[in-house]
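**Student:** Work out the full structure, taking the sequences as your base and the hints as a guide.
In order, the protein sequence lines correspond to chains A, B, C and D.
Just so you know, we're using my numbering here: the first sequence kicks off at 1 and counts up by one.
Just so you know, we're using my numbering here: the second sequence kicks off at 1 and counts up by one.
Just so you know, we're using my numbering here: the third sequence kicks off at 1 and counts up by one.
Just so you know, we're using my numbering here: the fourth sequence kicks off at 1 and counts up by one.
Keep in mind that the hints were calculated from the coordinates and are not lab data.
Treat the hints with care, since some could be wrong.
Covered by chain B, according to a simulated footprint, are these stretches of chain A (three or more residues, beta-carbon under 8 Å) [said to hold, decoys possible]:
{"hint": "1", "segment": "72–80"}
{"hint": "2", "segment": "153–163"}
{"hint": "3", "segment": "283–296"}
{"hint": "4", "segment": "306–319"}
The beta-carbon is built from N, C-alpha and C at its ideal position, and this holds for glycine as well.
4 protein chains.
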Amino acid sequence: MDNDEIDRILEKNIPKSMLQRGRTTVDSLLSPVRDVLNRRQFPDKALTDLQLEIMLQLLSSLDTDKDPEAARVGEREARIASPFIGQLSAGFNHGVGRSGQLVAPQPKAPGSSLMQQVANNVALDAIRKLGLSNMKSGIVTPLSTGMSISLILSALRREQGIKHVLFPRIDHASPHRAIAFAGLEETVIPTIINGDAVQADLGNLEKRIKNAEYCAVLATTTFFPPRESDPVKEIARLCAENATPLVINNAYGVQSEKTMGEIRSAADAGRVDAVVQSSDKNFLAPVGGSVIVSPSGAFIEQVTETYAGRASAAPIVQTLAALLAIGLDKYKNLRQQQTENLAFLSDRMHELADKFGQRVLSVWNPVACAITIDGVDAKELGARLYNARVTGPRAVEKGESGSSCDGYPHSYLVMNAAIGASRNDMETATAKLAAEWGQLQPK
Amino acid sequence: MDNDEIDRILEKNIPKSMLQRGRTTVDSLLSPVRDVLNRRQFPDKALTDLQLEIMLQLLSSLDTDKDPEAARVGEREARIASPFIGQLSAGFNHGVGRSGQLVAPQPKAPGSSLMQQVANNVALDAIRKLGLSNMKSGIVTPLSTGMSISLILSALRREQGIKHVLFPRIDHASPHRAIAFAGLEETVIPTIINGDAVQADLGNLEKRIKNAEYCAVLATTTFFPPRESDPVKEIARLCAENATPLVINNAYGVQSEKTMGEIRSAADAGRVDAVVQSSDKNFLAPVGGSVIVSPSGAFIEQVTETYAGRASAAPIVQTLAALLAIGLDKYKNLRQQQTENLAFLSDRMHELADKFGQRVLSVWNPVACAITIDGVDAKELGARLYNARVTGPRAVEKGESGSSCDGYPHSYLVMNAAIGASRNDMETATAKLAAEWGQLQPK
Amino acid sequence: MDNDEIDRILEKNIPKSMLQRGRTTVDSLLSPVRDVLNRRQFPDKALTDLQLEIMLQLLSSLDTDKDPEAARVGEREARIASPFIGQLSAGFNHGVGRSGQLVAPQPKAPGSSLMQQVANNVALDAIRKLGLSNMKSGIVTPLSTGMSISLILSALRREQGIKHVLFPRIDHASPHRAIAFAGLEETVIPTIINGDAVQADLGNLEKRIKNAEYCAVLATTTFFPPRESDPVKEIARLCAENATPLVINNAYGVQSEKTMGEIRSAADAGRVDAVVQSSDKNFLAPVGGSVIVSPSGAFIEQVTETYAGRASAAPIVQTLAALLAIGLDKYKNLRQQQTENLAFLSDRMHELADKFGQRVLSVWNPVACAITIDGVDAKELGARLYNARVTGPRAVEKGESGSSCDGYPHSYLVMNAAIGASRNDMETATAKLAAEWGQLQPK
Amino acid sequence: MDNDEIDRILEKNIPKSMLQRGRTTVDSLLSPVRDVLNRRQFPDKALTDLQLEIMLQLLSSLDTDKDPEAARVGEREARIASPFIGQLSAGFNHGVGRSGQLVAPQPKAPGSSLMQQVANNVALDAIRKLGLSNMKSGIVTPLSTGMSISLILSALRREQGIKHVLFPRIDHASPHRAIAFAGLEETVIPTIINGDAVQADLGNLEKRIKNAEYCAVLATTTFFPPRESDPVKEIARLCAENATPLVINNAYGVQSEKTMGEIRSAADAGRVDAVVQSSDKNFLAPVGGSVIVSPSGAFIEQVTETYAGRASAAPIVQTLAALLAIGLDKYKNLRQQQTENLAFLSDRMHELADKFGQRVLSVWNPVACAITIDGVDAKELGARLYNARVTGPRAVEKGESGSSCDGYPHSYLVMNAAIGASRNDMETATAKLAAEWGQLQPK
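**Tutor:** As structure tokens, this is what we get:
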């Protein structure tokens, strides 16, 4: 409804000053929504839930399945089995994408097409403002980081003839699956142990890059200690020198200013084809989407042309809404809190180390802290913490897989102070760790 | 809360007969929910929206992000940016799957794990009851048909060394992308024109199967006329004889008893590795999910191990809810309506053919009907229908791509009477076609 | 947002024809909403739930509690304890009314003020179109029929000096309470038994009207058999002749064309001050609101000035939404179904009467049918039906209260075929009646 | 579903430790819900929105309109026009109450009956814990304070023969309407001006109480300055001595510990029949409900028997939910904030007084602060603040009504620091006041 019409409706019935006041309220309420749709930026100030709801309703109302007069003779018409099903999709029943292009506008769904474009723009702007100012293009994918990496690698195979992927070792199943899904060979580059830290072996990687043809590198910025972030700047330089594509798995690195700074330097100093970040781990969206950014608009376009067919709109909608529900100001606060929580967690870990005669591992990690648990039954400690309702700790037994290297000389336990966690999470988790640990018999 | 407790609460305050009556109501209301969770079957009778809402709330309440006492120290903890974001996911913030297995239970998310298992079981049961009684295993994927085909093909590559795919021609971008995504080579098998129909060239396909190594076949049951369904029974026999995997793209074939019967015969008579169906086109869910079924449980397991990482729970939840919101009885009614609508559409098309001096194409198709529009500007007619709010018709100019063959001798227009469409859709669309057509000048 | 702005936003990103299509959809979707707000009429065609949701959101967004920039220094500012609380009120947190006037616009709440005006207009229009075309003014009250009658009577006391109320006997507690609440004396006019029917004693009433000063009459159109409707036309004539106010309790009479016709004739032929109808029983809204209409606009204004203070917006919103969710066309269908259901119920009751040696009472009633159950334990039969999940039957023992007369010569059981009931309700209820009855021992 | 059943369902599919973990989460999530239903107390800790939603869904699922097997043959069966209408009522479609009793259990609606009882108990407990520990009984009414006072007065008339009401003057329309609605005469007791304050004239009131028969007193604790609270302790003593009922309008006094302390002392020292408090102004519920408490259970029962018929469940549900969404701990925090905000507001008012050569009125008020605006056009200043989006200030011109006395010697402006307001509200409102005031010309 346009504003004149609202005026006319109001005018008939209620005093003029009230009319003006009602209009002022609506204008003010919708102003951030307009801004998002017009400017497509990551806003400084968060939108409220009411504003988000109105925005999504406005957008989904543009799709033809909402048209009361439409005659529907397609094989797919976004029909839904009951009204509740339509609530589950926030009205975006047509999904996103077209057969050959993940971001192509769909004639039957102008609203979801627009929503997707807004999501892409807002996400890119967020990533730029949060550190990667040298990225030129970006998309929100309806896939988590693992499958998003696969999507990127598949695009590299098709467009640049890549056949295998050099992968500094990370003990995580997803990247292996991602490489395999795209039909590529994988070469795991062994890590080195440097003090407490497990690090990429840059020399080995360099040798491989120089000797291999048709290869790409998959580097990682965020993983559990004792694994440290890959030195992306140095890797990007090597890749530039050897015309080797570089994909950076920045799963939960957006929350770390330092990590983002390193990736920015990498893209300035060398070659970076794409950077992938999780929308749930960085932006507090439900699991299911990622943000892929690149210094190259053309490459992002190739990526979108790699996806086969259409996709659920849900991960896109959820990521967009989460970004807008935070905004830049609050994101900075969350980062600040994260930093404080990590410092607090580290202090507590040192206290526990003193108490139990262990050591906090000397490993740089943007969100996690690890303590040795030598002589402790890691599996039992993990199980006890699970039952004590501590979610997310990672207890690794010496000699077992998980340390991203062979022969790591300690058992250890990792806890994270990730973005969105509270001080209370840290306090409770470390208190429960102390309590459970205290009840364990030495092996 | 258990029933005794509900009794105790009620007893204190309201007369005993009312207590009994309240319990009767709750029991009766929840009984279909219990049945779904216990038996995991496609129910005869649809669940109501209230029942669906309660069921999903119950399930999502099992996930640890709902635990008020949990201490969260993982790098992913299903935190959400605002309450509205949690509504967008129906509370399944942890998504589904684990790093290496799409259907592995997640310790942090017992509820979403259970929901996914229920979805897989209900979907398999639905497919079995709707015609493919010889399928042994099935999953709901968080991917549309295109990407689901890619997932299957990638599993075939990894597990059976498949390197290329024989694909009886369909003029549709998604399958090509799907094959390419998985890093496979594609061999398009040209079609033949038989009367009005465009059909798979079985002889050519047979020759190729016999001569090729490491190949799989991708057959299609549902596409636009003049393309007819592939003869899946014959193809399955060929595949069995040659130990060649067969994937059937049954995008919207569940609605057709005949199509389902042919696939069942194919699996009985020969080799079928997997059958893929769209959850939106067959089950009136929002776009985003598929149901993959197979006569082999082991193969489905391989497919789930091909997915890289975790995924959005939304397509799974939406598919499960849509299946339950329909149920077998109503699905049969919908099929009946679909058959009637198609007959009605065909009648109207014949009337239009008489009026405009054209012909209805003599092509078998489970949901669509095509009329020649020789001498008409197909593009303009399509644009006019779009503006007249007819969604989904397909107007193809003679000589242009889209007919799944070279040199198809007609321009034609296709309309569908798909499941969920109303008689009114058919009436309005054909009336508008008549009106718009009447206003066109001959070229 | 105005339309030009939507155009500008869309134009930047998606093809122009899609832009136009999106606009067409939105226009078509919102058109009935516009109509309701502009014309304030009971629409022929029902609004969809999506349209209702958008309308209410638009209206509640005009209230100042939605203004992000407002500085709130009142003692009441429509603050809410949590977002969920705001959902419970559909955003109308300010309620309706002002201290001295139930329908006065509230400066802080232009939206709820407007919503209330629209509700009043739509409800009046509905009542007029459904039979009372001679009504001039109407309001939706946030009170059920009992309290609404009290409100009217209190206005009559204040404005016209009424001191007592003549009330043809109905065995129902609410009207007594209503009269007492307003501080008025009550004179119950005994009924007469005429065949099976219990009827108002018009002669007695006339005598009382002529002899009493400062009295008003409260007549009733809908009650359980054997009580028949009061002859409102004759009563209205008597009231006109004697300058006596007449209030008609038309609790659930809107569904009956005949009852509405009689009230219309009454207002044409004599004096009717106000007619009260339940919004739940007539319009399928949740319990809590009523519609009061009058041939006199001035009287309705007096009624609104009788209410003390502000009120919950919920009953108004629910009544408005229910009216729009039905619309005239569907209301006519519902009436048609009601008539058929009543005929069906009556047939079944006759069958049961034959079977059990009883009689169907010969009493006119717009929705109910009664069968004698002489010799049966009414209380036990009622309890059995309650436990058998038949809701709403009324079993009255000869000699007990409930027949609106003294000494009614039968025990009997009443069932209703009210608007919104299904054929299945009738079938199941009568089948269960037969079954339970059959198991009863004669007393 | 009972716990054993949940166990059985989970056991089949997911590892046992996950099963246990899921159960732990659900138990912990539901524990506060159980507590509310079992103990019916105002909890220390707030319930989350998810817990509230689950609780209301559980309760409304007990009502017979949710029974899939019920056969419905009543004239009222809580049918709803569309699913959206049922959302508007949170599923409590049957409303509350029975014909003659506002809190009687309804056989068709065990759930809403229970909900209402829980609401009454929780509200009474809240009022007791927040200061009125000597209250014995309480109810939540579906009426705002004005109509709730009417309900109480009507009960006093019926049960105790009250005919008129002594009312220390308050310039507010609602109480007058409330007295008139119940058919009672009103005697306004003039106030006295004492310094800046306008106070009840206790001597005059005493004289009237002694001389009048069949009278009750309506005293007020919260109103705008310069009116101060009535001295309820002294009034209660007078009432006890003269066997005169006393009703206290404590509209928004729950937020003030001092006010609550005075009422408690009054009930200890003298006679208090009922105390009425607004659920929106005290508990941040949407407008529409009140909490009536009394030291006498019998009197509350009489009040419930005064209401005519049934009522909307919405105000009860909203009040219950708001109480639980706050809880005692948070309420104490809100009170603390309110006290700080009022001190801050007062400071700012003093600064403005200095700046503009005016005075802050020396009047005790629990939430409000008033500044003289002598020589200023009060109406214009009020209009300017309205347009500047300051809601709730009250500007009164010398000589005009509103000061609850004749001849108050100042123009003045009132602002409130009510519960739930933010520091920012105070800052912005006073800054805007300074700005608007600065632009006014002296009269």
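**Student:** In ascending order, which of the hints set out earlier in this document are inconsistent with the structure?
**Tutor:** none
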